[in-house]
Amino acid sequence: MPQEHRLILKHADQSGYTPDLECYLRHGGYESLKKVLALAPRDLPEGKKLSPQEQVREDVKTSGLRGRGGAGFSAGIKWSLVDRKSGKPIYLICNADESEPGTFKDRQIIHKDPHQLLEGMIISCWANDVKLAYIYIRGEMPHGAKLLNTAIAEARAKNFLGKNILGSGYDLEIYVHRGAGSYICGEETGLIESLEGKRAYPRIKPPYFPAVLGLYMCPTIVNNVETLCAVKHIVAMGASEYAKLGTPNNTGTRIVSLSGDVRRPGYFEIEVGKVTIGELINDPAFGGGLRDGRKLKAIIPGGSSSKILKAGETFKLNRKGSDGQMAKVDVPLLDLPYDFDSLMAAGTMSGSGAIIVLDDTRNIVDCLANIAEFYAHESCGQCTPCREGSLWMSKALHRLTHGHGRKADADYLLHIAQNIQGRTICAFGEACAWPVLSYVNKFKDDFEAKGAGDEAKAAVTKH
Amino acid sequence: MSAPATTEAKLAAATAPASPPLAEKIKIKVDGREVEVPKMMPNWQGKLEPTTMLQACQIAGHEVPHYCYHPKLPVAGNCRMCLVEFGTPQMGPDRKPVLNQDGTPKVAKAVLPYEPSTCRGAIACATPISPGMEIYPNSAATKQMREAVLESLLINHPLDCSICDQAGECKLQEYSVEHGQSQSSFVEAKVHKPKAVDLGPRIVLDDERCILCTRCIRFTKDIAGDDALGIVNRGSYNTIAAWKPGAFDNNYTLNTVDICPVGALTSKDFRFQMRVWFMKETKSLCTSCGTGCNIIVGSREEKIYRYEPRQNDAVNACWMCDHGRLNYKWIGRGDRLKKCGVRGAGCGVTDSDWSTVLKGVSETLAKAPHGSTAIVASARQTNEELFLLKKLATKLGALTDSVPRTGQGDHLLVDEDKNPNSNGARLTGIAFTEMGINLPKIAEGIAAGRIKTLIVFGEDVTRHGLDPSLLARLDTLIVSDILPNRTTALAHYLLPGCAHAEKRGTFTNTKGRVQKFMKAVEAPGDARPEWEFLHELMHNVTGQNGFSTIEGLFNQMAAEVPGFAGLEWAKLGETGVTVQI
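Those protein sequence lines, which keep their order, are chains A and B. All the letters of the first sequence, read from the start, carry residue numbers 1 to 463 under the working numbering. All the letters of the second sequence, read from the start, carry residue numbers 1 to 581 under the working numbering.
Derived from the structure by calculation, the hints contain no laboratory data. There's no promise every hint is true.
Calculated lysine to aspartate or glutamate pairs in the EDC-like style (CA-CA distance at most 16 Å, straight line) [what the hints assert, rightly or not]:
#1 K25/B to E49/B
#2 K316/A to D341/A
#3 K198/A to D227/B
#4 K328/A to D341/A
#5 K198/A to D222/B
#6 K310/A to D445/A
Could you build the full structure based on these sequences and the hints that come with them?
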């Protein structure tokens, strides 16, 4: 029986669990911070010493933790890329701009257990010699910002933050910065520009890799809320124990936001790769299945920007056979383990961990028009392909859903989207092109039928 | 004007001569041909940075099309026009290069990680080259990326070339012909944006024509040091705007019209005045201050329509100030002096001709006792003219000077010295370190009756201590000027001269840069270049023959004036040579 494995959300929904410091401390709060502050340098065989900070950075690497924001990049490697020799201060930013449609996991942490995020952040800052950190929180989450500010004040009062934290000699300040409401502020370099008080135009890479030229042109780490919380648990349990959770290369737990046409939408913390998409949709412990008489049409597996998966699709995945050899095996959609690598092998991504389920009552053309309108509205407009293409696709889809379609619109949409992906400054190009490419390619008949129908009607009216 | 130090530093760096190429070179292939390019090259501030694909392609003779990239502005990378297909040497699992069968390193073309059959282009303007890299500026994939960017840029563009001032010098037109398609698949309604926006006193913006390359924003913020422009709205509705309506008003706004690759930003002064393909372009200099910004004069049928800056990294980079740019209208004024004049007894100045006037002047000067003449020559005259006047002064034993003209300078280009050739006046010996120091002596000489003849070139000396009653005491007042004033009204001999745009010559700027300028338009009426008639006068008075061409005259000056020693007209090139001052 697949089950939730609550690590980060262990206490969050327990009755009587409140977001204040006292409650957090009663549940073992800030013990992991005390643990790292008490670490001694570790002797290495060659007579070198590994500083306590380096030990934690090593632990995050060996834990296999991958970023929970969307790209699934190794957190340990991200930290190791930080330029520590520049002589400039190193900044850490917690990306709490959770804005990918379908995603509602970070706000659970912020609203229900803000001190866990702070503890994760303080440990991560300490491990990276960060003296100043920011939480960039989405503008539409004012209550979350208020809770975080309260939590910061409480932590500062107890000397978990501020000068000489718990007598360790380590200083750290964390500030909450509220965004003004824009999807692109979740893109890390756009976020940095916004934090600097500018328009959130993502930066070109090269040369502006945050690890080298980030906030105020200083080395900067940007991590997702959930990723930073996981750091606390890596310290608490030990890296190797944490790595035992989940599956190889897809370690730990992750919170899945399940929405759409299921009986029991909600957030579920699972061991990565231990639960399949089918189980997430149908198991009583998770989605509880579709409503009566409905059939699965498709799922959007990793937030609205991920490529759609069509019901009945099968995917070639590398699996270890009974003989112990790796071989390509056909895996049906519902048997896909929910993890980074399986979804990548299926040609899509687990993204922000947001699954949107579509049943057979949904019109796929309408769904795409909705998503395209969102991306046209959220394109920052900095670079040409996305600025012009996102609205172009949205206008075409609006036309198609309002009775003025053409059979050729399917290929027309593919032409536009193909010219956006991979040609933009940031991944927003993919975010707006992938839904169009995947919906139209996989449901081409639906699009062509709608267009052809409109053309037939128009021909009749003309006569 | 108080200046942000950073901007000053930036400009200083930007205008510094390009650093010599470093020894370290990288071998890459561009379009299948191997080239060696420097590992580091100057960036927009002149600072050495890893060479970009765009710079490398330039060296290899391939111009990569671009809109947002400008060599003197920070790189933005937003237009995506310079996307190129490229490849890098493939590395094996042992981190050693994978070799082809013939032993050459195997180059893997960059592809999308999630779609390995599709090319992943890189923006040439911001991507550094690496050893063994191959750039494919003409491949099918590169061409397709350009076509796609152009199609995107044109879908919401009004396509109003027939009424657009930029037509003929528009990158959108040029690249569409060179890299675009003849047809677009776009069938939707276009986005409409504000038209004829009054951005500031000198600039009009058509937001629909704008391709949002942000060159104007970057220039205004990073070069002019005025954070006046930005983008409002989002996505396809993005719109360039001034922070407050009409607030785009620094002294450098018109540079944004030059760097705007399309017809979005237009000059109120120039718009609708002349189609650019009708204009003759002449290399010249701005005369509004001592900086000597290099310019191009746009003219047609002897009428000047505009000044535009001409790149000279030793002087003005690619920029000039609005004041200097718009200070050309006096050249075409209706009241220009067009006729020679001679004062008859008690009947004012009457029209005359060159032979009469030059004969009269020559005779007067030939008779003048040594030391009874003074010369006030303008520091707006050319080096060659001042050189001839100095020779005349030596022969006549004349006191000489020029009129100082100072005002406010700024952090970028505007100099406090408002004369274009003060250093020329000093180097030729007409004026001295403290310009104008001799003017009271000349006034005193006239008052005391020692000075009987005064030669004035290009100045209204009544405004500089030699008032009309003093001038009335002279036996002879010889005046050459361009426009009428109180001094010309009192002249016994009036010689109509030329604006710089009507002749050739050189100026020496505040930093000692000797730069030449060419003739753009004909002078009105009988007006002649001063150096021409001075040459005749010199011959008549001194008996010496000189050179009757500007080239020869310049070279003679270089031979005789120590400050110009070693210079040659032909070697000044288009951007000049710096001399010690």
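Would the hint linking K198/A and D222/B be met if the CA-CA limit is 16 Å? holds (15 Å)
Check whether the Cα positions of K25/B and E49/B lie no farther apart than 16 Å. holds (13 Å)
Agreement of K328/A and D341/A with the hint, judged by alpha carbon distance not exceeding 16 Å: With a Cα-Cα distance of about 14 Å, the restraint between K328/A and D341/A holds, given a limit of 16 Å.
Can the restraint linking K198/A and D227/B be considered satisfied, given a maximum Cα separation of 16 Å? holds (12 Å)
Between the alpha carbons of K316/A and D341/A, is the straight-line distance 16 Å or under? Within the cut-off at roughly 12 Å; holds.
Are the Cα atoms of K310/A and D445/A separated by 16 Å or less? holds (13 Å)
Checked against the numbered hints above, the structure breaks none of them.
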